[in-house]
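If you read the protein sequences in the order shown, they are chains A and B.
Sequential numbering from 15 applies to the first sequence in this note's numbering.
Sequential numbering from 18 applies to the second sequence in this note's numbering.
Mixed in with the good hints, there may be bad ones.
As the list claims (entries may be wrong) - Here are a few chain B residues that face chain A, going by a calculated C-beta distance under 10 angstroms:
hint, residue
1, Val146
2, Phe159
3, Leu175
Unchecked claim - Cβ-to-Cβ under 7 angstroms is the rule here; a few derived chain B residues that face chain A:
hint, residue
4, Trp128
5, Asp138
6, Ile149
7, Phe154
8, Ser167
9, Met172
10, Trp220
11, Ser222
12, Ile223
13, Ser281
14, Phe283
15, Thr285
16, Lys377
17, Leu380
18, Thr388
The set of hints was computed from the structure by calculation and includes no laboratory data.
Values in this document were obtained by computation on a predicted structure and should not be read as measured data.
Where a beta carbon is used, it is the ideal one built from N, C-alpha and C, also for glycine.
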Amino acid sequence: MLRKVVCSGLGIIAPNGKSKEEFWENAKKGESGIDKITLYDTSHYPIQIGGEIKNFAPEHYFPADHPAPDLGRVALLSLAATRMALEDAGLEETDLALERAGVTIGNNGDMPLAWEIRQKWIHGELQDRADLIWRYPLNSISAIIANNFSLSGPNAVFATSCAAGNHAIANAYDLLQSGTCDIMITGGVESIPEDLFACFCQLRILADKVCQPFDKNRKGLVLSEGTGILILETLEHARQRGANIYGEILGYGMSSDAYHLTFPHPSGEGAVEAMRGALKHAGISVHDVDYISAHGTGTQPNDKIETLAIKKVFGRQAYNLPTSSVKSMIGHSLGASAAIEACVSLLTIQDKIISPTINYETSDPECDLDYVPNKCRKQDVKTVLSNSFGFGGNNVSIVFCETEQ
Amino acid sequence: MVRTGKRVVITGLGIVSANGIGIDPFWKSLKEGKSGIKKVGSLNARQFNAQLAGEVADFHLDQFIESKGLRNLSKSSCFVLGAARMALDDARVDRNENGCRETGLVIGTYWGSLHNMCQIDQTLITEGVNGILPSFFLNVLFNIPASQGSIKLKMTSLNTTLSSGFPSGLNAIGYGYDMIRRGRVDRCLAGGVEEFCIELHQWMSILEMLSGTRNGVREFCAPFDVDRNGIILGEGGAILMLEEYEAARKRGARIYAEIIGYGSVFETCVMDRFLPKKKGVKRAIETALVDAGIGFEGIDYVCAHANSEVTTDKVEAEALQDFMATGRRDIPVSSIKSMTGECFGASGPLQIATGVMAMKEDLIPPTVNFTAADPGISLNIVSDLNVTQKVESVLVNSFDNNNYSSVIIQNYSDES
Chain A
15 MLRKVVCSGL GIIAPNGKSK EEFWENAKKG ESGIDKITLY DTSHYPIQIG
65 GEIKNFAPEH YFPADHPAPD LGRVALLSLA ATRMALEDAG LEETDLALER
115 AGVTIGNNGD MPLAWEIRQK WIHGELQDRA DLIWRYPLNS ISAIIANNFS
165 LSGPNAVFAT SCAAGNHAIA NAYDLLQSGT CDIMITGGVE SIPEDLFACF
215 CQLRILADKV CQPFDKNRKG LVLSEGTGIL ILETLEHARQ RGANIYGEIL
265 GYGMSSDAYH LTFPHPSGEG AVEAMRGALK HAGISVHDVD YISAHGTGTQ
315 PNDKIETLAI KKVFGRQAYN LPTSSVKSMI GHSLGASAAI EACVSLLTIQ
365 DKIISPTINY ETSDPECDLD YVPNKCRKQD VKTVLSNSFG FGGNNVSIVF
415 CETEQ
Chain B
18 MVRTGKRVVI TGLGIVSANG IGIDPFWKSL KEGKSGIKKV GSLNARQFNA
68 QLAGEVADFH LDQFIESKGL RNLSKSSCFV LGAARMALDD ARVDRNENGC
118 RETGLVIGTY WGSLHNMCQI DQTLITEGVN GILPSFFLNV LFNIPASQGS
168 IKLKMTSLNT TLSSGFPSGL NAIGYGYDMI RRGRVDRCLA GGVEEFCIEL
218 HQWMSILEML SGTRNGVREF CAPFDVDRNG IILGEGGAIL MLEEYEAARK
268 RGARIYAEII GYGSVFETCV MDRFLPKKKG VKRAIETALV DAGIGFEGID
318 YVCAHANSEV TTDKVEAEAL QDFMATGRRD IPVSSIKSMT GECFGASGPL
368 QIATGVMAMK EDLIPPTVNF TAADPGISLN IVSDLNVTQK VESVLVNSFD
418 NNNYSSVIIQ NYSDES
């Protein structure tokens with residue numbers, strides 16, 4: 015028998031808020047977290063802005079008797095968010111020493127640490143920090159989370175660039191639905207080191223001032239760091255322990271553009287396939303969806319094609335369907351972005367308030383949907399479709415809905 | 018838990034390895050005990066004691082894929098494209114119609130394109146940002162091999178890249194197996210990829226992981242042997258075509274084997290220490306056996322993880338001996354890493370392909386370099402050539418130092 019899968023805890027650290035509460039308050043107010051980059055000197059790069067977690071103090075997230083371990087920024091962000099998510103779910107660490115609790119994380123490698131390791135190697139200093147080498151491989155973050163919280167179920171990192179968070183959540187959902195696990199810690203984390211930032215500058219897809227998804231004058235995406243961690247469990251498991259339930263995952267759809275590494279398919283085929291697949295898997299119709307949490311990166315091609323794809327899937331209904339992008343406020347945190355947007359989807363269902371697309375000034379004839387411009391909106395949202403479309407053409411859409419009481 | 022859902026069969030094999038390009042040359046090398054491990058030409062002999070690796074040779078991607086747009090591809094992308102094309106052809110999937118479109122692709126990898134990333138960083142440090150070529154950068158991202166697979170082979174179904182330690186590739190196959198048995202897709206290419214590079218060789222030297230690192234010991238890959246003293250790095254790409262049984266039958270596909278059990282666990286440990294635990298290995302085997310609905314005595318051959326690392330091989334042997342303690346003690350065990358080297362993400366899928374061929378020909382490939390077992394290891398380790406016996410089920414083991422452990426059990430099928 016297939017089990018229902020629900021979310022009982024959220025942990026968020028984003029450029030506009032270092033906890034779920036702070037993030038969500040600011041997201042509803044339309045507060046941006048985009049600012050000048052301070053983690054490294056960007057004066058010799060064409061772009062100087064990004065979304066950073068300013069004044070991230072790991073010790074605030076760890077109790078005195080269990081201090082923050084000596085790890086890099088990405089590991090500490092993910093551990094801090096996991097701690098908050100577990101607390102939010104009302105789970106003690108002792109509840110988790112379970113073989114049926116696993117970890118799936120969207121992450122494209124601990125890139126700041128990898129950059130540090132490679133620099134040490136280039137400068138002939140790696141010999142002195144040989145202990146760092148085993149933290150280089152792609153799966154290191156999910157191993158660190160599992161080791162910290164004694165979770166010995168299935169464990170994997172999904173590295174599908176910008177869609178990684180949704181791939182991780184979809185896999186966690188499968189492991190719960192099929193009965194392999196009772197609890198999953200899932201989501202995504204990312205931080206942008208200088209070498210990656212430099213590479214993105216060379217791609218010429220970064221905005222120089224603000225992130226303006228769906229605006230006619232949008233200039234590109236803004237890179238950022240952050241993490242969103244979700245505690246998923248079977249409905250039965252959550253009810254048994256009397257947990258607060260944010261909502262249910264109804265299904266997901268996956269596809270591949272099979273077109274280009276950075277450009278979306280011009281007719282939106284891959285995005286259409288992912289959204290249709292998600293609705294079909296969830297067993298709902300286009301009329302059941304109340305809100306779309308868009309991929310909405312702020313690049314010319316993405317926003318145009320995402321709009322086109324939404325119209326193909328939803329028809330006339332698309333014009334009555336609020337569609338907003340939280341990336342307008344927090345930028346694009348690659349492997350973490352879909353996970354943070356999953357958190358946004360669930361918070362929207364809980365609060366019945368849709369967060370806006372900020373920096374929206376000029377309408378674009380090719381982007382003519384209701385993007386909830388600049389101001390949040392109260393609305394009875396029961397079902398959300400969350401889109402993520404990655405570099406390389408990896409697409410995943412997930413349907414979240416209110417849990418019947 | 019009993020097996021639920023649809024049946025999943027293997028209908029195609031694609032191999033890029035140091036032991037041969039394509040399943041037939043690969044298998045021929047293995048059964049003849051021919052190693053792909055050789056001296057690395059580009060290594061500075063005075064700098065390192067360890068000099069050997071299993072590098073892919075004579076692989077020309079343009080023999081498999083139209084040569085347009087292959088210039089900036091990473092080695093991982095080349096291996097995946099070659100192996101995926103071979104698996105599609107081996108499975109006789111219709112290139113036109115919708116054959117490729119409806120096929121998913123899942124790749125497991127561990128180190129990614131380390132060499133290319135180091136090149137980018139070197140360029141950034143010496144020449145500054147303008148020295149970085151955008152097309153070169155895009156091709157180093159972890160998910161690009163699988164994405165290039167979808168682009169160049171026109172596959173629009175699910176496409177993902179995952180990592181879970183040395184078993185990354187085996188877990189990619191487990192992911193595909195789960196997707197098919199749950200009815201999400203009918204057909205999926207799944208496997209793993211890994212690149213050898215000088216940087217990795219140096220890093221593993223620093224960690225003293227490589228055989229021959231210490232003075233006075235022989236540099237060789239000798240799983241389970243008393244004189245084993247470290248791993249030798251390998252590389253390659255191995256991809257299988259997985260299909261839902263009824264769908265495969267309906268299109269008249271040749272069925273190599275059926276996947277009947279999968280187990281994947283994590284054992285918590287102290288990071289940065291090379292200490293695999295027997296407990297995790299045993300849990301993975303137990304989980305896969307329960308999934309398959311069989312006991313350990315139902316296994317005819319164990320295609321081992323053993324990579325010649327001192328602790329690893331002992332842990333695996335002890336785990337297997339525990340399962341054999343109460344039943345058959347003579348189940349043959351061998352490790353192809355003696356001939357391929359440790360290929361990380363590609364190792365598990367290479368072992369699965371080996372298992373398929375062992376069942377097809379009722380032949381156990383040898384563990385070369387094995388002469389005398391480590392005291393405490395009392396397994397039936399096959400080291401001779403031409404060991405023939407009935408093989409109808411194979412257990413493939415894959416685990417690592419961070420205590421990721423995965424196991425897949427496959428069964429012979431003579432249906433076609």
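Okay, the hints, checked on the actual structure:
{"no.": "1", "hint": "Val146", "in the structure": "holds (4 angstroms)"}
{"no.": "2", "hint": "Phe159", "in the structure": "holds (4 angstroms)"}
{"no.": "3", "hint": "Leu175", "in the structure": "holds (4 angstroms)"}
{"no.": "4", "hint": "Trp128", "in the structure": "holds (6 angstroms)"}
{"no.": "5", "hint": "Asp138", "in the structure": "holds (5 angstroms)"}
{"no.": "6", "hint": "Ile149", "in the structure": "holds (5 angstroms)"}
{"no.": "7", "hint": "Phe154", "in the structure": "holds (4 angstroms)"}
{"no.": "8", "hint": "Ser167", "in the structure": "holds (4 angstroms)"}
{"no.": "9", "hint": "Met172", "in the structure": "holds (6 angstroms)"}
{"no.": "10", "hint": "Trp220", "in the structure": "holds (5 angstroms)"}
{"no.": "11", "hint": "Ser222", "in the structure": "violated (10 angstroms)"}
{"no.": "12", "hint": "Ile223", "in the structure": "holds (5 angstroms)"}
{"no.": "13", "hint": "Ser281", "in the structure": "holds (5 angstroms)"}
{"no.": "14", "hint": "Phe283", "in the structure": "holds (4 angstroms)"}
{"no.": "15", "hint": "Thr285", "in the structure": "holds (5 angstroms)"}
{"no.": "16", "hint": "Lys377", "in the structure": "violated (30 angstroms)"}
{"no.": "17", "hint": "Leu380", "in the structure": "violated (33 angstroms)"}
{"no.": "18", "hint": "Thr388", "in the structure": "violated (31 angstroms)"}
Of the numbered hints given earlier, the model fails hints 11, 16, 17, 18; all others are met.
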